[in-house]
Amino acid sequence: MKQLGIVGESVKRRDGIAHVTGQTRYVDDVSYPGMLWLKMVRAPVHRGILKKVDVSKAEAYPGVHAVVTAKDVPNNWYTILCLIGVGPNDEPVLADTEIMWRGEPICAVVAESEEIALEAAQLVELDIEELPPVMTVDEALAEGAPAIKKWGNNTFMYEGKPYRRVFIGDVEEGFAKADHIIEGTYQLNPYDHVPVETQTCVVKPEPDGRLTVHSNTQALYFTKDNLGIILQMPDYKIRLVGGTVGGGFGGKVDVVIEPVTAIAAMKTGRPVKWRWTRTEEFRNSSTVGMYRMHYKDGVMNDGRIIARQVISYHDAGAYHRHSPYGVQKHAFNLAGPYNIPNVDIKAYCVYTNRQPSSALRGFGVTPASFAIEVQMDKIARTLGMDPWQIRFLNAYRNGQMKAVRKVVEDATLIETMQAAAKMVGAELPEWCWKARSDDWKG
Amino acid sequence: MELVTISFKLNGRPVAVVASPLENLRDVLREKLQVLTVKAGCGQGGCGSCTVLMNGEPVVSCLTPIVNAQGQEITTLEGIGTFNNLHPLQQAFYDNFAAQCGYCSSGMITVAKALLDHNPHPSREQIIDALAGNVCRCTGYVPIIQAIEQVTDSK
Amino acid sequence: MAIKRGRGIAALNYPTGMNLGGDPSQALIYMQPTGGFVVKLACTDLGQGLKTVVPQMVAETLGVPLESVNIETGDTDSAPHDMGQFASRSTHRVGNAVIMAAKEAKKQLLEVAADEMEASPEDLVISDGEIFVRGVPSKKKSVFDVALAATFKHGKTVSGRGIFLKQNHGVDPETGACDPDSTEAHCTTVADVEVDTETGDVKVLKLWSAYEVGRAINPKMVQGQIVGGSVMGIGIATKEASFPNYPQFDPHPGSFSEYMMMGAADVPEMESTILEMGSVDGPFGVKGVGEMTANSPLPAIVNAIYDAVGVWITDLPVTPEKVLRALEEKELSDK
Numbered sequence: 001m002k003q004l005g006i007v008g009e010s011v012k013r014r015d016g017i018a019h020v021t022g023q024t025r026y027v028d029d030v031s032y033p034g035m036l037w038l039k040m041v042r043a044p045v046h047r048g049i050l051k052k053v054d055v056s057k058a059e060a061y062p063g064v065h066a067v068v069t070a071k072d073v074p075n076n077w078y079t080i081l082c083l084i085g086v087g088p089n090d091e092p093v094l095a096d097t098e099i100m101w102r103g104e105p106i107c108a109v110v111a112e113s114e115e116i117a118l119e120a121a122q123l124v125e126l127d128i129e130e131l132p133p134v135m136t137v138d139e140a141l142a143e144g145a146p147a148i149k150k151w152g153n154n155t156f157m158y159e160g161k162p163y164r165r166v167f168i169g170d171v172e173e174g175f176a177k178a179d180h181i182i183e184g185t186y187q188l189n190p191y192d193h194v195p196v197e198t199q200t201c202v203v204k205p206e207p208d209g210r211l212t213v214h215s216n217t218q219a220l221y222f223t224k225d226n227l228g229i230i231l232q233m234p235d236y237k238i239r240l241v242g243g244t245v246g247g248g249f250g251g252k253v254d255v256v257i258e259p260v261t262a263i264a265a266m267k268t269g270r271p272v273k274w275r276w277t278r279t280e281e282f283r284n285s286s287t288v289g290m291y292r293m294h295y296k297d298g299v300m301n302d303g304r305i306i307a308r309q310v311i312s313y314h315d316a317g318a319y320h321r322h323s324p325y326g327v328q329k330h331a332f333n334l335a336g337p338y339n340i341p342n343v344d345i346k347a348y349c350v351y352t353n354r355q356p357s358s359a360l361r362g363f364g365v366t367p368a369s370f371a372i373e374v375q376m377d378k379i380a381r382t383l384g385m386d387p388w389q390i391r392f393l394n395a396y397r398n399g400q401m402k403a404v405r406k407v408v409e410d411a412t413l414i415e416t417m418q419a420a421a422k423m424v425g426a427e428l429p430e431w432c433w434k435a436r437s438d439d440w441k442g
Numbered sequence: 001m002e003l004v005t006i007s008f009k010l011n012g013r014p015v016a017v018v019a020s021p022l023e024n025l026r027d028v029l030r031e032k033l034q035v036l037t038v039k040a041g042c043g044q045g046g047c048g049s050c051t052v053l054m055n056g057e058p059v060v061s062c063l064t065p066i067v068n069a070q071g072q073e074i075t076t077l078e079g080i081g082t083f084n085n086l087h088p089l090q091q092a093f094y095d096n097f098a099a100q101c102g103y104c105s106s107g108m109i110t111v112a113k114a115l116l117d118h119n120p121h122p123s124r125e126q127i128i129d130a131l132a133g134n135v136c137r138c139t140g141y142v143p144i145i146q147a148i149e150q151v152t153d154s155k
Numbered sequence: 001m002a003i004k005r006g007r008g009i010a011a012l013n014y015p016t017g018m019n020l021g022g023d024p025s026q027a028l029i030y031m032q033p034t035g036g037f038v039v040k041l042a043c044t045d046l047g048q049g050l051k052t053v054v055p056q057m058v059a060e061t062l063g064v065p066l067e068s069v070n071i072e073t074g075d076t077d078s079a080p081h082d083m084g085q086f087a088s089r090s091t092h093r094v095g096n097a098v099i100m101a102a103k104e105a106k107k108q109l110l111e112v113a114a115d116e117m118e119a120s121p122e123d124l125v126i127s128d129g130e131i132f133v134r135g136v137p138s139k140k141k142s143v144f145d146v147a148l149a150a151t152f153k154h155g156k157t158v159s160g161r162g163i164f165l166k167q168n169h170g171v172d173p174e175t176g177a178c179d180p181d182s183t184e185a186h187c188t189t190v191a192d193v194e195v196d197t198e199t200g201d202v203k204v205l206k207l208w209s210a211y212e213v214g215r216a217i218n219p220k221m222v223q224g225q226i227v228g229g230s231v232m233g234i235g236i237a238t239k240e241a242s243f244p245n246y247p248q249f250d251p252h253p254g255s256f257s258e259y260m261m262m263g264a265a266d267v268p269e270m271e272s273t274i275l276e277m278g279s280v281d282g283p284f285g286v287k288g289v290g291e292m293t294a295n296s297p298l299p300a301i302v303n304a305i306y307d308a309v310g311v312w313i314t315d316l317p318v319t320p321e322k323v324l325r326a327l328e329e330k331e332l333s334d335k
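Chain order of the listed sequences is U, S and R.
When the letters of the first sequence are read in order and numbered with the working numbering, they come out as residues 1 to 442.
When the letters of the second sequence are read in order and numbered with the working numbering, they come out as residues 1 to 155.
When the letters of the third sequence are read in order and numbered with the working numbering, they come out as residues 1 to 335.
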């Protein structure tokens with residue numbers, strides 16, 4: 001690799017001194033004269049029919065400037081990936097007729113202080129007819145399960161199919177030829193982003209009719225585009241300001257905070273701030289939902305995996321958000337960095353009445369890598385093979401074909417294995433040390 | 001609740017605020033005194049990003065009623081060091097890449113200052129113990145511990 | 001009842017870029033009259049350090065001192081489109097965009113310099129803020145002087161535009177055939193654990209990791225991702241649960257005292273090494289690394305547990321209860 005002058009140097013962080021002196025400005029540090037605070041009223045049940053939302057007492061509470069409800073949202077659909085074809089519309093910005101998850105936002109109280117907004121929020125009266133919720137993937141896919149989605153089943157439809165399929169070769173043929181069939185089921189349960197800074201935004205309505213939106217979103221233009229769609233405003237009237245985020249990890253790409261705050265700012269004519277509480281961040285922000293992956297591999301006596309079948313279920317929670325995209329990315333990575341000629345993958349994106357899932361560091365690949373690598377050891381142990389050697393044997397090489405029918409390039413798995421083996425003093429046979437990602441001749 | 005006047009010393013300067021007695025110190029510092037180095041990470045005393053020193057002892061300002069600050073000496077990061085007069089801890093955090101998003105840095109440096117004021121030569125275990133109330137999601141804590149150790153080594 | 005030790009390995013890949021592409025990044029760059037450069041981006045720094053590595057890549061491309069490059073980011077009124085900071089895409093896409101913009105600006109600067117120095121632009125080199133004729137280091141002019149000349153004498157702009165887009169070519173609905181990423185980074189992690197067969201406690205003793213990242217623009221910051229990600233990964237594997245009694249909804253943690261995660265006291269010994277083997281189209285050969293560092297501890301730890309006590313904990317997070325139940329089951333089935 002060519003040695004360069006500045007690239008390759010561990011220069012100190014540009015924002016390093018600002019960080020260590022506390023001078024870095026985050027969205028919570030933004031303040032405007034006359035700024036109001038927003039607090040959200042959320043659904044207390046997992047599933048139900050929202051019959052009535054009575055905000056009269058909250059509206060009348062001293063210090064309250066407005067209560068924002070579904071009626072105030074110009075285009076009450078929150079389908080953040082509509083711009084890349086994810087649909088149909090299923091999630092409202094504010095719940096209108098039904099409740100689909102415990103914590104779903106219903107209405108927002110906008111007041112002089114955080115304290116007043118919280119007190120007034122307690123006075124909102126909700127009339128909800130509870131319905132039996134569907135709480136797991138198994139319940140959602142069971143025979144006779146209530147269809148919680150209006151298109152009739154509880155999965156995202158990938159071009160008419162309830163799963164994303166990736167296949168190459170013929171797994172059944174592979175299984176017939178294989179010396180061993182080795183199966184495994186791997187489950188990664190929900191966890192959370194937990195950035196130290198919670199989601200926060202401040203929206204200022206400008207005298208010229210534009211909106212200035214300060215947000216700790218990870219994606220300024222993405223937020224802007226979606227805001228324009230929800231507010232039914234040309235998005236050149238919206239300015240997103242941010243760029244300094246106290247930790248993201250995928251949890252600040254949901255555009256879940258700006259729309260209602262913007263509506264509150266327009267309704268009151270005042271700057272409005274919404275800073276999520278830590279409890280909201282844990283209980284109401286998107287998690288990464290459960291993934292359960294079933295592996296069935298056809299393996300030869302010498303350790304070569306010649307067939308891999310994977311069926312994977314992801315609990316996307318109540319709505320799309322980024323899940324249809326995430327499950328697709330997951331599907332494309334379920335075979336792993338290994339050369340397997342026969343692969344058949346089916347990845348399901350399943351809806352339940354849980355907190356919606358969304359992007360989290362490693363989106364879709366984290367569960368896949370977990371399953372692949374434990375399965376790899378399972379195979380090694382079943383065959384009495386060394387876990388290193390089975391990986392060197394199966395590792396993909398440049399020029400080989402992936403399950404997504406793309407030729408392998410930039411492969412470096414083998415080189416990282418050699419480096420790690422050296423670090424721990426692993427004893428490997430010569431052929432492992434001699435292996436290269438470039439050694440496949442075709 | 002009736003408003004009261006609370007007077008205390010902030011980074012050596014006498015200040016006075018009018019507040020409700022149970023309003024928390026964090027919000028008073030941020031909203032009324034524009035001390036923005038104190039962060040609002042959780043409001044539950046669980047993350048340490050709001051840590052300030054009260055008479056040299058680290059406290060979570062989000063759970064400290066302002067009335068408890070009456071007559072006390074409060075130190076925030078501004079009182080520990082500034083960009084043209086960095087405290088050795090701040091220099092060490094900078095040199096060791098101990099801040100990524102920076103949101104936990106104020107609390108970490110403040111609690112480390114209190115540790116070193118009490119114990120100029122802490123062991124690694126004592127450093128780790130002192131950080132028990134501070135959450136970092138980005139760095140994995142390692143460069144933070146290294147930065148603090150570097151200061152104790154050079155003292 | 002005993003403390004058993006075990007070692008596990010995991011070898012992983014990670015794709016760079018938004019799945020299937022279609023995620024462009026744009027950049028603008030302009031020179032100020034005395035030779036400083038400003039880069040305009042609508043990007044976010046989440047702590048991963050874009051505000052640091054972008055000036056590095058631009059200064060390298062232009063041949064000017066690092067501190068003369070400033071980056072303005074975070075305002076959609078002042079900068080062109082960027083898709084956002086996720087999918088380990090930014091150093092790759094934003095990097096390519098700023099390099100493209102810097103190259104355009106450099107070309108214009110060299111045209112002015114060529115005029116000023118009566119040389120051909122192809123013969124000029126910029127290094128450390130000086131423009132000189134290749135092979136004739138004495139024949140030189142400072143960027144400072146050429147910048148002034150461009151602005152006030154020649155009336156020439158020195159600026160550039162950049163964009164990087166990997167086009168989205170879709171997915172075959174039948175076979176799933178597609179081009180999902182720009183490149184793949186790889187890593188191998190080895191984990192040593194201790195399992196207490198009486199309590200079910202699993203302690204991670206040490207992690208070794210080798211990461212191949214194409215090119216490390218700033219090695220210390222790549223290491224920062226490896227260390228920070230490893231700690232997050234250990235937490236995901238052994239502690240974190242939004243629903244500790246999943247699939248039961250409650251208890252539902254709402255605070256740091258209820259949601260278990262890694263603290264300073266939980267961090268084991270860690271060692272890592274960075275390999276750089278380039279990439280097809282990464283800027284300076286870069287591959288994205290920000291997300292993948294939290295992945296490898298999961299299987300490495302589970303595999304180490306099997307090595308220690310012969311049970312597979314395939315439902316994460318690993319908890320003492322799950323370990324004890326598995327050990328119990330194993331004992332019964334071994335009989």
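Each hint should be verified, as a subset may be incorrect.
Below, a list of computed lysine-lysine pairs in the DSS-like style, where the Cα atoms sit at most 27 angstroms apart [claimed, not checked]:
{"hint": "1", "chain 1": "U", "residue 1": "Lys161", "chain 2": "U", "residue 2": "Lys150"}
{"hint": "2", "chain 1": "R", "residue 1": "Lys103", "chain 2": "U", "residue 2": "Lys2"}
{"hint": "3", "chain 1": "U", "residue 1": "Lys2", "chain 2": "R", "residue 2": "Lys330"}
{"hint": "4", "chain 1": "R", "residue 1": "Lys156", "chain 2": "U", "residue 2": "Lys422"}
{"hint": "5", "chain 1": "R", "residue 1": "Lys206", "chain 2": "R", "residue 2": "Lys107"}
{"hint": "6", "chain 1": "U", "residue 1": "Lys177", "chain 2": "U", "residue 2": "Lys2"}
{"hint": "7", "chain 1": "R", "residue 1": "Lys140", "chain 2": "U", "residue 2": "Lys422"}
{"hint": "8", "chain 1": "R", "residue 1": "Lys239", "chain 2": "U", "residue 2": "Lys12"}
{"hint": "9", "chain 1": "R", "residue 1": "Lys139", "chain 2": "U", "residue 2": "Lys422"}
{"hint": "10", "chain 1": "U", "residue 1": "Lys161", "chain 2": "U", "residue 2": "Lys149"}
{"hint": "11", "chain 1": "R", "residue 1": "Lys4", "chain 2": "R", "residue 2": "Lys203"}
{"hint": "12", "chain 1": "U", "residue 1": "Lys12", "chain 2": "U", "residue 2": "Lys177"}
{"hint": "13", "chain 1": "U", "residue 1": "Lys406", "chain 2": "U", "residue 2": "Lys422"}
{"hint": "14", "chain 1": "U", "residue 1": "Lys2", "chain 2": "R", "residue 2": "Lys203"}
{"hint": "15", "chain 1": "R", "residue 1": "Lys153", "chain 2": "R", "residue 2": "Lys141"}
{"hint": "16", "chain 1": "R", "residue 1": "Lys322", "chain 2": "U", "residue 2": "Lys2"}
{"hint": "17", "chain 1": "U", "residue 1": "Lys422", "chain 2": "U", "residue 2": "Lys2"}
{"hint": "18", "chain 1": "R", "residue 1": "Lys103", "chain 2": "R", "residue 2": "Lys141"}
{"hint": "19", "chain 1": "U", "residue 1": "Lys177", "chain 2": "U", "residue 2": "Lys150"}
{"hint": "20", "chain 1": "R", "residue 1": "Lys103", "chain 2": "U", "residue 2": "Lys12"}
{"hint": "21", "chain 1": "U", "residue 1": "Lys57", "chain 2": "U", "residue 2": "Lys2"}
{"hint": "22", "chain 1": "R", "residue 1": "Lys40", "chain 2": "U", "residue 2": "Lys12"}
{"hint": "23", "chain 1": "U", "residue 1": "Lys422", "chain 2": "U", "residue 2": "Lys434"}
{"hint": "24", "chain 1": "U", "residue 1": "Lys237", "chain 2": "R", "residue 2": "Lys140"}
{"hint": "25", "chain 1": "R", "residue 1": "Lys220", "chain 2": "U", "residue 2": "Lys422"}
{"hint": "26", "chain 1": "R", "residue 1": "Lys103", "chain 2": "R", "residue 2": "Lys140"}
{"hint": "27", "chain 1": "U", "residue 1": "Lys296", "chain 2": "R", "residue 2": "Lys330"}
{"hint": "28", "chain 1": "R", "residue 1": "Lys140", "chain 2": "R", "residue 2": "Lys107"}
{"hint": "29", "chain 1": "R", "residue 1": "Lys107", "chain 2": "R", "residue 2": "Lys139"}
{"hint": "30", "chain 1": "R", "residue 1": "Lys40", "chain 2": "R", "residue 2": "Lys139"}
{"hint": "31", "chain 1": "R", "residue 1": "Lys203", "chain 2": "R", "residue 2": "Lys141"}
{"hint": "32", "chain 1": "U", "residue 1": "Lys296", "chain 2": "R", "residue 2": "Lys322"}
So these bits of chain R aren't anywhere near chain S, every CB distance computed over 12 angstroms [said to hold, decoys possible]:
{"hint": "33", "residue": "Glu174"}
{"hint": "34", "residue": "Gly254"}
{"hint": "35", "residue": "Met261"}
{"hint": "36", "residue": "Glu276"}
Quick caveat, the hints were computed from the structure, so don't treat them as lab data.
Glycine included, every Cβ here is placed at the ideal spot set by N, Cα and C.
Given the hint that U/Lys296 pairs with R/Lys330, does the C-alpha gap stay at or below 27 angstroms? holds, 22 angstroms
Given pair status - U/Lys12, R/Lys103, alpha carbons within 27 angstroms: Distance ~25 angstroms between R/Lys103 and U/Lys12 Cα, so the pair holds.
Taking the closest pair, is the beta carbon of R/Glu276 still more than 12 angstroms from chain S? holds, 19 angstroms
Decide, holds or violated, for the assertion that all CB atoms of chain S are farther than 12 angstroms from the CB of R/Met261. violated, 7 angstroms
Can you confirm whether the C-alpha distance between U/Lys296 and R/Lys322 stays at or below 27 angstroms? At roughly 24 angstroms apart (the allowed maximum being 27 angstroms), R/Lys322 and U/Lys296 satisfy the hint.
12 angstroms cut-off, C-beta based - R/Gly254 kept clear of every residue in chain S: violated, 9 angstroms
Going straight from one Cα to the other, do R/Lys220 and U/Lys422 come out at no more than 27 angstroms? holds, 22 angstroms
Quickly compare the C-alpha distance for U/Lys177 and U/Lys150 to 27 angstroms and report which way the hint goes. Distance of about 44 angstroms is beyond 27 angstroms: violated.
Taking only the CA atoms, is the gap from U/Lys161 to U/Lys149 under or equal to 27 angstroms? holds, 15 angstroms
Confirm or reject: R/Glu174 is not an interface residue toward chain S, with every Cβ-Cβ distance exceeding 12 angstroms. holds, 41 angstroms
Tell me if the straight-line CA distance from U/Lys177 to U/Lys2 falls inside 27 angstroms. violated, 47 angstroms
So if I understand the rule, the pair passes when the alpha-carbon distance is 27 angstroms or less; does U/Lys237 with R/Lys140 pass? violated, 48 angstroms
Hint violations for this structure: numbers 3, 4, 5, 6, 7, 8, 9, 12, 13, 14, 16, 19, 21, 24, 30, 31, 34, 35, all remaining hints satisfied.
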